Amino acid sequence: MSEFLQFTFIGLGRGAVYATLALALVIIYRTTGLLNFAQGEMAMFCTYFVWFGYDKGLPLPAAVLVGMVGGFLMGALIERLLVRPVSKKAMGNPLPIVIVTIGLFLGLNGLAPIIFEGPAKTFPVPFGDGTVSILGASIPTRTLGTLAVLAMSVAVLWLLFQKTKFGLGIRAVASNAESSALVGVPVGRMLLIGWGMSAAFGALAGTLSTEGALDNTLMALPLIYAFAAATLGGFDSELGAVVGGLLIGVITELLARYGTIGGYSVGQDLKLFPAFLLILLVLVFRPAGLFGTGEVKRV
Amino acid sequence: MSETSTRSSGAYGVLGAGWAVVLERLSIGPVWLRKAVAYSLLAGVLYWIPTYFVSYQVNEYTRIMTFALAALGLNLLTGYTGQISVGHGAFMGVGAYTVAILVTDHGMSHFVAIVIASLLSFVLGVVIGLPALRIKGLYLALVTLALAAMFPQFIKRFSDITGGSSGKEVPRLRPPEGSGLVQDQWIYYLTLVVVVAVFVVVRNLVKSRVGRALIAIRDNETAAETMGVNVTAYKLGVFGVSALIAGLAGGISVLREPFVNAGLFNIDLSITLLVIVVIGGVATIFGPAIGAVLAEKLPRLIQDLVAGRFPDFDAERFPPVFFAAALILLVFAAPGGIMGAFKRIGAEGRVQLIQKQMLGRASHGGSGAPDTPA
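Chains X and P are the protein sequences, given in the same order. Residue numbering for the first sequence follows the numbering used here, starting at 1 and increasing by one per position. Residue numbering for the second sequence follows the numbering used here, starting at 1 and increasing by one per position.
These aren't lab readings, by the way, just hints derived from the structure by calculation. Predicted model, so just to flag it, every value in this text is computed and none were measured. Nothing false has been slipped in among the hints.
With a straight-line cut-off of 30 Å between C-alpha atoms, the simulated DSS-like cross-links for lysine-lysine are:
1. P:K35 / P:K297
2. P:K156 / X:K121
3. X:K56 / X:K121
4. P:K343 / P:K207
5. X:K89 / P:K343
6. P:K136 / P:K343
7. X:K88 / X:K165
8. P:K136 / X:K88
9. P:K343 / P:K297
10. P:K35 / P:K207
11. P:K136 / X:K89
12. P:K343 / P:K356
13. P:K343 / X:K88
14. X:K89 / P:K207
15. P:K35 / P:K343
16. P:K35 / P:K356
17. P:K207 / P:K136
Part of the chain P face toward chain X, derived, beta carbon under 10 Å:
18. G82
19. L142
20. L147
21. V278
22. P335
C-beta: ideal position from N, C-alpha, C; glycine also.
Isolated chain P (complex conformation):
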């Protein structure tokens, strides 16, 4: 199979997942049916990817999933609670390095190491969350930015443990005997299970009392406190959980790429995570997933496009500029990111539907069961 044809079918896969979201948002058919169709389509696409693509492409999708996971953690903190972090790459780094060190130098099992890495990230998140109780808004962004800048320096300084700039090789986690899976498929499905589980947990969390408390803190801290929300506990907790998810993402990223080095977890990574959240949609569940797909797929697509049109131009340099422009444009045109835009379209569709029904009812004398919109 030629490279271009696999790439374009990759685009079909992405489109399939995209349609799932569109279907879920549009107002055609009853809600349960819409959801069932959308989620089965999504599940099908996600299951189908590693059976179809070649190894490096499967690894790319695994990578997208880890980014989506880390961005989901960031979204919990920045999107839902309004605490801006430009430093989540550092938590990913903590997760990845903990797994790398525990597995390589202490012979621990990958799974135990990932659990320990997540817990350590949680503790670190709470520690960073403590000063964040007093530091707000732009200043918190500043502190976390400095944290992200400092992380690679720590790795370099303590190179006898971390491997420093030359990095550290980690033993691979082999697929279980008799599973019939090859390395990249095994890691893909493993990552998929973790990512889906965390997405479900976070979705339920933000739809619960906890989620409402977080949003209340974001929208008006004083009012939230007056209403009886324990602001301190929630803020510390969400910082910890957010760091835990990012650390978990970093930890499982070592399964795919069994190598860590100081350059991997730099400021750029932290900024990329924030960009993913903003492009996908702040304070949405699917936003980070969509943002991660775009952040990974679009640069290559644009680069190929530019290279095709202008062969003399150094096309590799173009994607960052494009992303910067897209980011700034989004703030003006669609502050809610792509999911925000979907929601708006969906909401408008529902309003039109209701209007139509009401008009119909008025002219037909109000017969038929009332259709309650979601």
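Bound conformation, chain X alone:
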């Protein structure tokens, strides 16, 4: 029982990281209706900003702030210079968007080791590596810390989206950009801020997912889990991203420990399989996800 509890908590900790990255995906989806395949690499790049601040002697929280500010600027620039012109040109054709975000994926992945030269960076483990004993299971403090950060992020985002004028504007743009422009919402600025915020969340997700080291492969797998989380929760729901992320984290960890496929145990190697299956099943049978709102299309 305590072992089960322990793996559940490890899953929750991992899941909180996926959820944070999924939040970044959801912010972009809500503002621009796009899936950003470069989200993971953007997060990885922003984590280098965090490392840079930390390396210059800032305490970790301040360094994370540096990373988030740097991320915001990067996201805003990407939106203004690449995403906006392409979405305008694409007119509903998804291929150019995929190409541009994959170009970004390759570019950021290639740029990181050029700009931040040298071997993998040693990175401080957020919240230390102590453990707390709960019901006989020893839970790492960093799992608890990660969960706390996630809870705070969701609270802030919820307040921002639901209780401020800015949030109302963003929601208006997401549901109908043309009508919002007509009633005076500065659509362009909203999109810009959306991408900036999303990249800033990436810095947070990246920092939380480092395990003492940082190189350009940091977010390759977390991105797939985050996509699974956002799909499961619904791409337009912050709550969905969080619940989805935690569920994916727990499901994959428990399956890795206990699951079997045709006599083979799932193990660490096949952890992506349940995530892939969830993406597939949800998209086929409930495309809006658990908490999302379905799309009604006029043809």
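Using the hints, position chain P against chain X.
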């Protein structure tokens, strides 16, 4: 022969093939003559390559051809039918591993194994195509991306069959006695025959009723269905055929590189295939071939160039960034890729030619047989 001189003559070979395409596209001389000259030039270059280059370079061209083949399969799905796949590397992997396992562990002949691998890829393609009927656009890209990420994990997990991370050695397919060919030439010509055959089949397919149906589905699915196109059947079929071609490419790649391991068929491969299609030209026949040549040749060229100018700089890191930049630039400057740009130039040339003829006719009182443009 020094390395630099063989490399630059390699560039001549590529230029020769490039000219063939340019000639085909430009409007000089009658169409049949243009085509005849272009295709003979291309055939000559392709025949000449393994008689001239050293073994590792011949293998490189063989590699380019397998990439072109897999990208052609992807283009059928993504370019012509509009279903985006970021997971075709996985189908290549299925093909390669099927051949490796059947030949190594079951003593099957290479040719039979390649046929089985292609058929298996077809079936898998249809299976993935089933959910793809309901999943559209960006979401399909997402599913296939996850598929590509998962494939190496499967290989590692089932390492008692696949050899896992340490890989699997496959017996070589030796050239037939008395052919006078050495290993690399034999595999080159074998690959060439398969690739040319598939290119011809796909070219005819997309110019037929089937191709028009696929393009109709891409451009407007609802309208296509209203016009009587069986959207479900076509979508499943094209997913299967596309996977079959990628699997075939993976299968014959084992002939050149008789070794498979989990790291070979990762996300990067799937992304490379998509990049090849986009750079070469979405929904074109020659696009994947041109894209494959560039994807293989350009990184080395750029790396040498950078290393020559900036000796302190780690030049190996530069090509991916260059490709990323080129990819993004292409979306803005030439969404149709290189073939798209050629087509545009060709079309403009034809328009000018027609204008000139019409002007000439007007001033000379309309004498001479009308020249029908292609």
